[in-house]
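Student: Based on the sequences and whatever the hints tell you, model everything.
There are 2 protein chains.
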Amino acid sequence: MLDVCLPGTGGTVPRIDRFLACCYMRFEGRGLLIDCGEGTQLAVKKAGFSLGKIELILLTHFHADHCSGLPGLLLSMGNEGRTEPLLICGPKGVDEIVKCLTVIAQELPFRIRTRVLGDFDTAEQAGFSVTAFELRHSCPCLGYDVRIRRGGKFDVEKAQKNGVPQRLWSKLQRGERLEGFGPEHVLGEARRGIHVTYATDTRPVGIISTMAADADLLVCEGMFERDKADRARESSHCTMEEAARLARDAGCAKLWLTHYSPALPDPTVCFAEAEAVFPAAELGYDGICETIRFEEM
Amino acid sequence: MLDVCLPGTGGTVPRIDRFLACCYMRFEGRGLLIDCGEGTQLAVKKAGFSLGKIELILLTHFHADHCSGLPGLLLSMGNEGRTEPLLICGPKGVDEIVKCLTVIAQELPFRIRTRVLGDFDTAEQAGFSVTAFELRHSCPCLGYDVRIRRGGKFDVEKAQKNGVPQRLWSKLQRGERLEGFGPEHVLGEARRGIHVTYATDTRPVGIISTMAADADLLVCEGMFERDKADRARESSHCTMEEAARLARDAGCAKLWLTHYSPALPDPTVCFAEAEAVFPAAELGYDGICETIRFEEM
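Quick mapping for you: the protein sequence lines, in order, are chains G and C. So in numbering that gives the first Met the number 0, spot 222 of the first sequence is number 221, and the numbers just go up one at a time. So in numbering that gives the first Met the number 0, spot 186 of the second sequence is number 185, and the numbers just go up one at a time.
The hints are simulated quantities; they were obtained by calculation from the structure and are not laboratory data. There's no promise every hint is true.
Stated by the list, open to error - Simulated restraints on C-beta separations:
(1) T121/G / V268/C: 48 to 54 Å
(2) G28/G / R292/C: 39 to 45 Å
(3) C138/C / R173/G: 46 to 52 Å
As the list claims (entries may be wrong) - From the derived model, a few chain C residues whose C-beta atoms are all more than 12 Å from chain G:
(4) M0
(5) K52
(6) F61
(7) I111
(8) R146
(9) E178
(10) G187
(11) A189
(12) I206
(13) R247
On a predicted model such as this, the values are computed, not experimentally measured, just so you know. Beta carbons are placed, not taken as given, at the ideal position from N, Cα and C, and that holds for glycine.
Tutor: As C-alpha cells, this is what we get:
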C-alpha cells in the first residue's frame, strides 16, 4: 500500500493558512517528496511524516515556490542524523540549482546526488518507479508519473513445470536469481500495482491525461476559478475545470486539485465547476492523505 | 518614533509555533529587515508590517535559518509591485550569496544592490544609520547597531546672530543649504536619537555591550538555558543568562531575548535566570512590538 499526502496546496506565495504545494508519498516506510517550497519541511512534519525517511526528491521546476525550502529541509534532515545519500531529480539545470541553493546548507552529513530527467526518462528509487513528462509552463517543468510495481503471485504449477528445486522457491519469489533460475520461473503474470500522477505547474496539456490513464489518483493544479481562465492562460496555469477535464479524459479513479492561487483563500467557492465535469474530483487541502492499497487478487 | 518588532524568535529550524528569528524596524513608514529565514515573509505579514516598504535588508550571516527566505521575500515584494531598488548588506560574500539564492527568483521588477560590511562599517538608508560589528560565531557574523539620528531644535537667536534671512529659516531647518547657509546656522545641538542594537548568532562578546551602551533596546540571542551552557559554547551561541549580563554591562534600557533553541518550546521555564541578572529583560516572542519615541525636549 502507498500513503499519498499533500502537506501543502498553495501556489506562488505561502499564506498563513496554507503551505506551498508539495506531495509526500510513503511506501514500505520510505518517502518520496515532490517539490519543496518555503515551509515544506514544516508542512511535512505537520502532516505527520518523517523528513528522515525521504529517499527521493523530485523537483517539477525551479520557481521559488517549488524549491526555496530545499536548504532548510536538507539541514533538518542532517540535524535528524541522516547519513545515507539522497537523490534529487529535476529538469535540466537541477545540478546547478541544488549547488546554488546549498551554499547556505554546507557541511551536510550526507551526500546529495542530482539527476537531470528529460521527457519520459525514468528513475527507480526506494520502490518508486518514476517517469518524468514535460508539462507546458512559463519555464521547463516536469510532471511525474509514480508507480509502485507488483510482481505476480507464486505459481506452484509453473515452478514445478520449470523444474525449480523447492529449496529455491522462496528466494526466487523474493527476486533472487540462483542456479540458472529467476523470478520468472516461479511467478505468474505481474499484477496491477499502484499509480499516481502529479502535474504542477502547467497548462492543461493532453499528456497529463495520457500519463494518468487508469491512475488511482491524479494530483493536478487547479489554480484558478473559471472566471479567471484568461489569467490561467497568461500565467501558464490551469483552472479547476480544465484540471477536471484532464481527469475525465484520463479515466482515472480520482482527482485531487491543488496549487490554489493565493487570491483564492477558499477554493470551495468554485469547486462545483470541477465536480460537474468530473464527479470523482476532490479539493486538496493541507494534510489531505489517503492510503491506496493493492487490488485484492 | 521607531517601531521595532520581532516577527520571529526561533533558532536553527522553524517550528510550527515559532518563526525563525528576524527583526523589522519601521521609521517614517520605511522599513528595515534584519535576517530572512524560511517563513520570514509570512512572519512579517502576520506581525502586520508591509513587505513593500522594506528599503534595507541586513543579513547577519549565511546560515540557512537567517537567509533562506530571501528568494520568496523578494518575489513577494515584486508581486506587490515594487520597482525601487533594494539594498542588501551583509558580511563578506553577501554578493555571491544573493546571486546564488536569486537563481530561483529571476525577473524581479526591481534592482538589488548588495554591499559588504566589515567591522564598524556604516550604512545610511531610509533614515536608518547602521553600524556593523563583528560577532563570534561558527562563521563570519555581524551584529547591527541601528540609530535614528535627531537634529537640534530650531534656534531663533542663533539664526539671527548668524544673519540668516528669515525667508530661508524653514528650508534650512529641513536640511537644505542655500545662499551660503546650512542647517548648522539655525539649529541647536543634535539631540539624542533612538538606538537599537541587534546581536545574533554569537558567543557573549564584550563588543555587544560596548555597542549597546545607552541603547533603548538590545535584542540579543539567548538560545539556551543555563544547564546547556556547554552546548551554547560548543555551538557558538549564548545562554539567556549570558545575554542578560551583556545588557547589564551595557547599561541599556531594555533587553529582548530571541533565537530560542527549537528544543526549548517554552522559554519562560528559564527566564528567571536572565531576569535575576538584568531585571529589564523581556522574553521576545513572535510579533513582540514596541514603539520607541524620541525623548521630550
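Student: Does each hint hold? Answer for all of them.
Tutor: Comparing the hints with the structure gives:
no. : hint                        : verdict
1   : T121/G / V268/C: 48 to 54 Å : holds (52 Å)
2   : G28/G / R292/C: 39 to 45 Å  : violated (58 Å)
3   : C138/C / R173/G: 46 to 52 Å : holds (49 Å)
4   : M0                          : holds (28 Å)
5   : K52                         : holds (17 Å)
6   : F61                         : violated (5 Å)
7   : I111                        : holds (14 Å)
8   : R146                        : holds (29 Å)
9   : E178                        : holds (52 Å)
10  : G187                        : holds (48 Å)
11  : A189                        : holds (40 Å)
12  : I206                        : holds (25 Å)
13  : R247                        : holds (33 Å)
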